[in-house]
Amino acid sequence: MKIASLPPRPLFLTALAAGLAAPSLVHAQDLDQPELSGWYVRLGAATRFNVKAAITALTLPTSLYNDGFVQPDISGTASGLTWNWGYNSASQIVGNQLVLSRLDTPNIGRQDLNVGNPLLGGELIGGYHLREFKLGKRTARLGVELGYGYFSASEGLNLAAAGTATLTKDGFGLGGIVPPVAPYAGTFAGPGPLINLNPDPASHTVVTSPAAATFQGTLNTTLHNLRFGPVLEVDLTKRLSASFGAGLSSVFADVGLNYMESVSFSNPAIPALGTTRANDTFARWRPGVYAELRLNYQITRQIGVFVGGDFQHNDNMTFGDATHQVTLDLSKTYGLKGGLSFEF
Amino acid sequence: MRSFAFVTRRPAGTATVLCAGLFLALASPRVARADTNTPPTITTQPASGFGALGEDFEFSVAATGTAPLTYQWLLNGAGLPGETNTVLLLTNLTFVQSASFAVVVANAAETIVSSNATLTVQTNAPRRLGTGRILQVGPQVGVPITIRANGREGAVYFSLSYDTNAYANPVFLPANAGATVSTNLTQPATIGVTLTLPAGALLPSGYEWIGLMRFDLAANRTALQGGLAFATNPVPIAAANTNYPALLLDANVEPQYVLVTSTPQINRQSGLFEQQLLVSNPGAALMTNVDILALEFGSVSVTNSLLPGVPQTNAIVLLNAQSNLLNYPFNDPLIAVDCTNCGYALDLPATCDFGSYLANGAGACSPNFAGTNVLITGTNFNIVGQFVPFAITNVPLPMVQLNNLLPGETRPAMMEFYVADHATPPAPQYSLYLADPLYHTPPPYFTMPVTLLGTRFANGTFLVEFSSQLGVTYYVQYAATPADLATNAQTVLPPINGTGAHIQWIDDGPPKTDSPPTNGSRFYQVITWPQPQ
Numbered sequence: 001m002k003i004a005s006l007p008p009r010p011l012f013l014t015a016l017a018a019g020l021a022a023p024s025l026v027h028a029q030d031l032d033q034p035e036l037s038g039w040y041v042r043l044g045a046a047t048r049f050n051v052k053a054a055i056t057a058l059t060l061p062t063s064l065y066n067d068g069f070v071q072p073d074i075s076g077t078a079s080g081l082t083w084n085w086g087y088n089s090a091s092q093i094v095g096n097q098l099v100l101s102r103l104d105t106p107n108i109g110r111q112d113l114n115v116g117n118p119l120l121g122g123e124l125i126g127g128y129h130l131r132e133f134k135l136g137k138r139t140a141r142l143g144v145e146l147g148y149g150y151f152s153a154s155e156g157l158n159l160a161a162a163g164t165a166t167l168t169k170d171g172f173g174l175g176g177i178v179p180p181v182a183p184y185a186g187t188f189a190g191p192g193p194l195i196n197l198n199p200d201p202a203s204h205t206v207v208t209s210p211a212a213a214t215f216q217g218t219l220n221t222t223l224h225n226l227r228f229g230p231v232l233e234v235d236l237t238k239r240l241s242a243s244f245g246a247g248l249s250s251v252f253a254d255v256g257l258n259y260m261e262s263v264s265f266s267n268p269a270i271p272a273l274g275t276t277r278a279n280d281t282f283a284r285w286r287p288g289v290y291a292e293l294r295l296n297y298q299i300t301r302q303i304g305v306f307v308g309g310d311f312q313h314n315d316n317m318t319f320g321d322a323t324h325q326v327t328l329d330l331s332k333t334y335g336l337k338g339g340l341s342f343e344f
Numbered sequence: 001m002r003s004f005a006f007v008t009r010r011p012a013g014t015a016t017v018l019c020a021g022l023f024l025a026l027a028s029p030r031v032a033r034a035d036t037n038t039p040p041t042i043t044t045q046p047a048s049g050f051g052a053l054g055e056d057f058e059f060s061v062a063a064t065g066t067a068p069l070t071y072q073w074l075l076n077g078a079g080l081p082g083e084t085n086t087v088l089l090l091t092n093l094t095f096v097q098s099a100s101f102a103v104v105v106a107n108a109a110e111t112i113v114s115s116n117a118t119l120t121v122q123t124n125a126p127r128r129l130g131t132g133r134i135l136q137v138g139p140q141v142g143v144p145i146t147i148r149a150n151g152r153e154g155a156v157y158f159s160l161s162y163d164t165n166a167y168a169n170p171v172f173l174p175a176n177a178g179a180t181v182s183t184n185l186t187q188p189a190t191i192g193v194t195l196t197l198p199a200g201a202l203l204p205s206g207y208e209w210i211g212l213m214r215f216d217l218a219a220n221r222t223a224l225q226g227g228l229a230f231a232t233n234p235v236p237i238a239a240a241n242t243n244y245p246a247l248l249l250d251a252n253v254e255p256q257y258v259l260v261t262s263t264p265q266i267n268r269q270s271g272l273f274e275q276q277l278l279v280s281n282p283g284a285a286l287m288t289n290v291d292i293l294a295l296e297f298g299s300v301s302v303t304n305s306l307l308p309g310v311p312q313t314n315a316i317v318l319l320n321a322q323s324n325l326l327n328y329p330f331n332d333p334l335i336a337v338d339c340t341n342c343g344y345a346l347d348l349p350a351t352c353d354f355g356s357y358l359a360n361g362a363g364a365c366s367p368n369f370a371g372t373n374v375l376i377t378g379t380n381f382n383i384v385g386q387f388v389p390f391a392i393t394n395v396p397l398p399m400v401q402l403n404n405l406l407p408g409e410t411r412p413a414m415m416e417f418y419v420a421d422h423a424t425p426p427a428p429q430y431s432l433y434l435a436d437p438l439y440h441t442p443p444p445y446f447t448m449p450v451t452l453l454g455t456r457f458a459n460g461t462f463l464v465e466f467s468s469q470l471g472v473t474y475y476v477q478y479a480a481t482p483a484d485l486a487t488n489a490q491t492v493l494p495p496i497n498g499t500g501a502h503i504q505w506i507d508d509g510p511p512k513t514d515s516p517p518t519n520g521s522r523f524y525q526v527i528t529w530p531q532p533q
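Going down the list, the sequences are from chains A and B. With the first letter of the first sequence counted as 1, position 333 gets the number 333 in this note's numbering; the numbers rise by one all the way through. With the first letter of the second sequence counted as 1, position 52 gets the number 52 in this note's numbering; the numbers rise by one all the way through.
What the hints contain is simulated information worked out from the structure, not anything from laboratory work. There is no bait here: all hints are sound.
Derived CB-CB ranges, DEER-like:
{"hint": "1", "chain 1": "B", "residue 1": "TYR445", "chain 2": "A", "residue 2": "ALA160", "range": "53 to 61 Å"}
{"hint": "2", "chain 1": "B", "residue 1": "SER262", "chain 2": "A", "residue 2": "ILE93", "range": "27 to 35 Å"}
{"hint": "3", "chain 1": "A", "residue 1": "PRO183", "chain 2": "B", "residue 2": "TYR445", "range": "28 to 36 Å"}
{"hint": "4", "chain 1": "A", "residue 1": "VAL144", "chain 2": "B", "residue 2": "LEU470", "range": "42 to 50 Å"}
{"hint": "5", "chain 1": "B", "residue 1": "TYR445", "chain 2": "A", "residue 2": "ALA283", "range": "31 to 39 Å"}
{"hint": "6", "chain 1": "A", "residue 1": "ILE93", "chain 2": "B", "residue 2": "ASN519", "range": "17 to 25 Å"}
{"hint": "7", "chain 1": "B", "residue 1": "SER262", "chain 2": "A", "residue 2": "ALA78", "range": "18 to 26 Å"}
{"hint": "8", "chain 1": "A", "residue 1": "HIS204", "chain 2": "B", "residue 2": "THR487", "range": "51 to 59 Å"}
Virtual Cβ for every residue (Gly too), placed ideally from N, Cα, C.
Okay, chain B solo, but in the shape it has when bound (with noise of 0.2 Å):
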């Protein structure tokens, strides 16, 4: 057996050196020599990746010197018994191969050890196949299907269902022009795909396109009635290369949206800049958790005259934003949907087709998918202008929820927005996902009702009216009926926080409310804790 030292050049002739405390010292000195051989180089170092549970991975090396050159894998340091190939292959990852990775190169001349490279085994698979913003021409649909990639990945395969009332004729059509594609319509209401790169291509790391899901529409349904889903009949979501037949992939439909308003306009009812959103669920399954993240809304300067010379910077505020989104798993989201050239419609002009689309050109049949993630840095977000992946710095993202939205179901948001200088439109840009649910329901010690000086119901929306001390927080609930008030209110976020003055909240339905509101439909209590003096 050969021996090696890290780093050490050996003498020709010399003896002994020592291999990180599991191979034994030289047999016997060698002979001398003339030292002509040439000491390893690695050209290739391992590379760093993630894995999922039960998942392989594989780190490879190549090095050039003079033959013969040996390989020993290290884990944390310590060699891994059998492991001297060019290739470590891991199988069937468990959490304890989350690791730092190295490998030992020799030759008679040298003994060189790689960079490390760390394998990261996480409970879910970091791939993840999706669906980007659906667009329409004429009477045709086409589904963006996406990829967050580890960059390990030559071949795409999965399933995608439909509801046959609505979509037909299914045809994938490949954004790689070079890729191999095959359809499997064994099944009812299902395509499956198998999407093959040219030989030796592999997927970039992060979020990539892999092609458009065309299909016809019905007559008497819209493009986001679809009923999608992915399933692994006939084939499999997964992803593979020549190595891996089976990387596990996760796979979801995901909400969509349209801007109802298409710049955000001031509501002098409520003194707030508003920007309602219809968002859909195109899927077959019920959609709990649609999150509205909003980002880039803006910043607006005011000068005042009672505040002269002090400018109030900043003010512009998504205000009822019930959360902050701090981490995404993974440190990206699902998918982020958003299309920044789009003209606020699912539309596409009559005159381009989704060839046109595909590739992405200039010119209006090119809405520049652009924006499918966004990448955020320091305080800025920004609406970037490829597939890249998502990154977040500490910045405290203002979100909305939807609940419960059922497949087919399109449901309005309303987005207010606070302006200091009631005049700057914020100009907003939505990113919808499925995330974990908020919590629905005020911190127990929050009982004590408040009487509430009047509720009217005017312009299609209701008036809730009730004074607020400074420093006080409010909740509004409301139910159908006065009993279920008592028992089953449901609690509207986020709460308010009194001003000290007398706080007009209206209701003009979701996100606030799960619907619009109509008159004599509901009933609202106010409470609070602790009781305002």
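Same shape as in the complex, but just chain A (with noise of 0.2 Å):
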């Protein structure tokens, strides 16, 4: 579908267009160019706002070890013995039992981050003019959008957490078997060889201890912004319109933690732990909507400024480790825009 060639239109937003290295005078000779074809391009910074995100520090369920873990297999808790157990080390049997050992530490909780506040990045939007029409006395056109936008951000870390720390040391009674070869790990419908589900109260040691905990690192964060709708373009002048578009998004989310973390205790009875380095990684598409709000003013028949805001909600994603979990916020997104529009 061909759309009518603009006519000449008054300078207009003398503030944006200064800023601008067009010129802003339309020129004679465009009202003798043809018709243009309907497609445009738009070009421009763009900014995302209150994209947040979660740290956890996770701690071992109740009936984990650092070292391994004895749990209820097939059979439940009835006959007290499971062949759903492991372990690390062979150091870890001694005499009949395998010991395990748990050490509960000071951590840094759940803290909030604003992830960029906001990312920066960039948008490239290509588009179509279907159909042009009349609504009430101005011009409209309706169309389709397809969008990619690029944003990132890095956000350190420095977090610390204070507390007591608590060693437990459970023995379970092997019964006589000959444990596998270390590393091992059973499994709930087995078989395998059967221990003691529950540990020898004799057994069981705990020790405490104060301790602090310190946390640094990294956040860095990237997402990839794709977006597909339709817009419908209003006239509001000869040379300035309003768009409305939205549509389904999707945010390909790129995000890597980098962190070290180290415990102290006052203790000695309580070994001393090594700073623990990591990082994780993890990146998904994360489904969505979007709505949008742009003001575009021609500059000359092809060639215009643009700026815009919009709204967007896509799925959070989770990712982590086995001590901690970070959760990305994408559910109410905002984005500020602006740029140059190509009209062809």
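Got two chains here, separate frames each, mind docking them using the hints?
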């Protein structure tokens, strides 16, 4: 579908136009140019606000240990035996017992983060005017747009916690079995060597100590934002038009958490822990929807400028490791943008 | 020549009726007369049956009605020329005679056709002579002699040889007190037996035990070292009745077992319930395919805390089953040797004798020889209390196999049961028999070696450990030397299905491996395909 060429338009939005290199006047020869094809491209800078993240320190479930596990298997608990157990090192076999240890330390708990605040990037939109029609006395155009946006930010983390550390040790009777070579992890359905499901009460020991934990790291976030949907553009004046678009979006969120964590104890009965270093990365497509409002000022028949804002909702995502979990909240993000538009 | 019609009343004086395409029409009209003839009635229909190649088989019919009655036998609806008697004798059977037979009976009043009877001609004789569970009372042993009969046998002949170093002074005690028994001891280390039932009596169709051969046991031998073998001299092996002096009869000495573990016990090393059997070859010939069939080991319902409300049922499995048995030849096993109330031992109480045993009376002297045969219906395996034909209805039965059991040899076999609740002992019944061999080699593409995490000898077993992946199959192979492992390894059945976890495979001897391991005696490798990632 061909769109009729626009007539020369008066100068408008001088403040915006002043920052543009394009000429601010429409030349007479524009009138002689052929009709436009309906295709257009918009390119500009963009920001995203309200991208949130939260980091949570995880604690072991009560039935797990730092160096192994003994859990109920398919038989349940009635028999008092299980083949659903595992351990890490031969040193954990002491006599006829499997000794498992668990260290609970102070941690950073849950901390909310504002990622980038805002994230900076750019946006490229391609569109096509499907149809031009009258909306009252105004000329309106219905089209579709496909857009891509890129945003990136890096957030430093420097957290600390203090409290009491608890070191727990339990011994589980092996019942005379020869343990499989470490590391070993049995399964729920088995079969496998059976050991006692419950620890020997006499083997249960607990050591406590004041402790301090520090957590330092960086959260790097990159968003690739794809969107597609219809757009309605209404001419407000001969050069100024407003566009409203909405549709589907999908954000490819590429997030990395680099950190190092250390815990120190006052009681030497609890062995010192080395500094834990980790680099967790995660990338996923997160589906969603968007709505956008934009003002376009046509400098020439083919070149214009625009400003706009949008709201976008996308699914959250969670990633992490055995000790920390990061949740990226993309459910309510806002964007501001501005740039050039080109029509063909 | 008379003519007749099928199931068509012939009015007096009428002329013709067609006869199955074989006989001509009546030659002439009959003279009308008063219809005082009684139509024929078949009082005994021809009976279906089995026959073996080269054997004879007889159909018979009995009918009443106004004489004269005429008979014409049909094969698949076509008349058999010359077969016009109440008895159809088929001699020197061939497979062509596996067919449907019937007989047309006629008199002046009517012509009728019997029901169809089927003859099935088989390669091997469906009759089978065997040995039941060998029992011992003090210094004497009793070898039950069993037969799978077709219902037409009035006499059984056989010879049984034995090792005179173990057995002596054989005496045959018939189960039917009215039977006539004659023995022939003219051949060394062999007893010939002729057993004739009372006049008119026939063995019932199905399994039956016909008596017990009693021997004195040498002091230095066990009851299962008798070196038994059915022989054809001095008395050929055959069954007979008044019409057929030489009905074909197969004969096999069957493997025996006793339970070392009376009730399956849990082995915490493997996590499995185990029951050990001692399987013996009481015969004089090599047994190469001794199959141990496990029946009725039960099920258990488990509710576990990780899956609340989800019961785990039917979770008792014979884990080291090498195969599932789907069909038996002629729908029966050779002999399923079992004894449900034998106290898991060969010995009868000292106060008993074999006469009490034969009388099958109540009390300890009657070990209830029921269970010699198994009846399998639906998904339940029932050891029945009587000798009945064996039937199987597409129920796969788990089994393990022992190879190369020498005469007089006894070998342990460890049966392993996965029990989901770790608590309910399986209650298996076992059936031993001789069958086709299994393939003890993995598929040729299973060649990729798996890195072993360790091989240790502990508590009389080897522990072979390796990492596994879910969905991958692993074969354990072993040999006496590393060189043999590369070129002549034995492959363990069944293969191991990867669980995604580290597997600790236990070699505690047969049936996984040919003999119990000793420290330093064995080398292992594990192969698979594709190579675990």
